[in-house]
Amino acid sequence: MSSAVREYEIRCPVHGFIKISDWERDIIAQPAFQRLRRIRQLAWTDLVYPGAMHTRFEHSLGVMHMATLLYDGLVERSRDMLREHLALNEDGIRRHRQLVRLAALLHDVGHAPFSHAGEELLPVNAGRTRFRHEHYTAAIVRQCLADVIKNHRLNTNYGLTADHVASLLENDSTLGAELLFWRALIDGQLDADRMDYLLRDSIHAGVAYGRYDWRRVVNSVVAVPDEEGGAPRVGVNEGGWHAVEALVLARYAMFTQVYFHKTRVAYDLHLEQALADLLPGGLFPEPAAIQEYLKWDDWRVLGLLAGGGGGEHGARLRSRDHFREIRHTPEVPLQKDLEQLERWRSALADLLAGERLAEKSWYRPGTADIPVVTEDRRSLAIPLSQLSAVVRNIGGIRQVRLYVRREDRDRAEACLGRE
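Each residue of the sequence shown is one higher than the one before, counting from 261 in the numbering used here.
Keep in mind that the hints are not guaranteed to be accurate.
[Stated by the list, open to error] Beta-carbon label-pair distances, calculated as ranges:
1. 620 - 540: 27 to 37 Å
2. 619 - 269: 36 to 46 Å
3. 595 - 351: 56 to 66 Å
[Said to hold, decoys possible] Calculated lysine-lysine pairs in the BS3-like style (CA-CA distance at most 30 Å, straight line):
4. 410 - 279
5. 410 - 555
6. 620 - 596
7. 522 - 596
8. 522 - 620
These are computed hints drawn from the structure, not numbers from a lab.
For each residue, glycine too, the CB sits at the ideal point set by N, CA and C.
The task is simple: from the sequences and hints, build the whole structure.
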């Protein structure tokens, strides 16, 4: 059988054309991956931003494309360092490139219906912590995609397995430094995932908040040697750190203006409560029952809701009669704000229908800091947070929102006016 690689092109509103191989096309054709066509990227965000109807399917293709651009750019600028510190020859570079593409393509395959909005209904594990969609991704890769990964004719020269892909996504230390180095391109502070979703979500939501100079980021990424002799890290050269700074700011703006929008957050609350009513036992199946889990997607949930399921919250989703925000704290509440929050809760009493915490950090300094190689200090890298006052001073968000039923809003305002 011929091992010639045939390329296909998929049109994308973000990247233009995305190229895939026969191997990747066969993986994409698997039912477990096709399910992503039926899982919306931003859950019920279209009820606020009507264009936000895109899916995890197209995002996954975009992440593979963006990860490849980052990989190729980094290799072009840091080939000698990769040879020296990771003992990578040309065959290894080609093999790792394919592994990065597969891991990026499959990184979201385990998402629950309505993406992150459904994650509160994932069960807890033996350690009493909640399963995450990454656990389901690893189970799907190992249990559902093992054959198409390992036994494909285009894998002859790579010897990759489903376990390689899943282990890279899990950050499994047994892979060794030469493989784990690449994980930062898929899951890190400068990764293909956020680089794609910020652009894609902006386009579909019809906002400009998530736009940044991604080409400059791609053209700046380099391997940075560890000053203490450890494995190198992914960083940027001096000419690119302002573009990375803009990426951090774009993420802040998208979360505060889109993902944490007061009405969008209300629909997450309604979805969680409706799912608790619709799911057997109020929870999704565990990763060990992956075939049962894969039967759940947005279409199934929407069908159940359309049939009248989901209780009060299902009815509110059907009629777009969401809870209304009545009060919220500042993004970074002080002690006096938390004391005010307690007074609001007490004043609202039984009128309080729901409460949501919007919590996120925009940048992690310290060991996760993105290293910047400057022109005059090539042997030493400077953390981005030292160069950028914006990144250094941007705080996280921990905002609490209180909600009441639409029909109770006037009474709630009266109660708050008396407190």
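- Query: Is the Cα-Cα distance between residue 522 and residue 596 30 Å or less?
  - Reply: holds (22 Å)
- Message: Please verify whether residue 522 and residue 620 have alpha carbons no more than 30 Å apart.
- Response: holds (15 Å)
- Query: Does the Cβ pair residue 619, residue 269 satisfy 36 to 46 Å?
  - Reply: With a Cβ separation near 40 Å, residue 619 and residue 269 satisfy 36 to 46 Å, so the hint holds.
- For the pair supplied as a hint, residue 620 and residue 596, is the alpha-carbon distance within the 30 Å limit? holds (21 Å)
- Message: Can you confirm whether the C-alpha distance between residue 410 and residue 555 stays at or below 30 Å?
- Response: Between residue 410 and residue 555 the Cα gap is close to 25 Å, so the pair holds against 30 Å.
- Message: Given the hinted pair residue 410 and residue 279, is their Cα-Cα distance within 30 Å?
- Response: holds (21 Å)
- Query: Does the hinted range 56 to 66 Å hold for residue 595 and residue 351 at CB?
  - Reply: Check passed, 59 Å falls within 56 to 66 Å.
- Is it true that the C-beta distance of residue 620 to residue 540 lies inside 27 to 37 Å, as the hint says? holds (32 Å)
Figure legend: structure checked against the earlier numbered hints; every hint is met.
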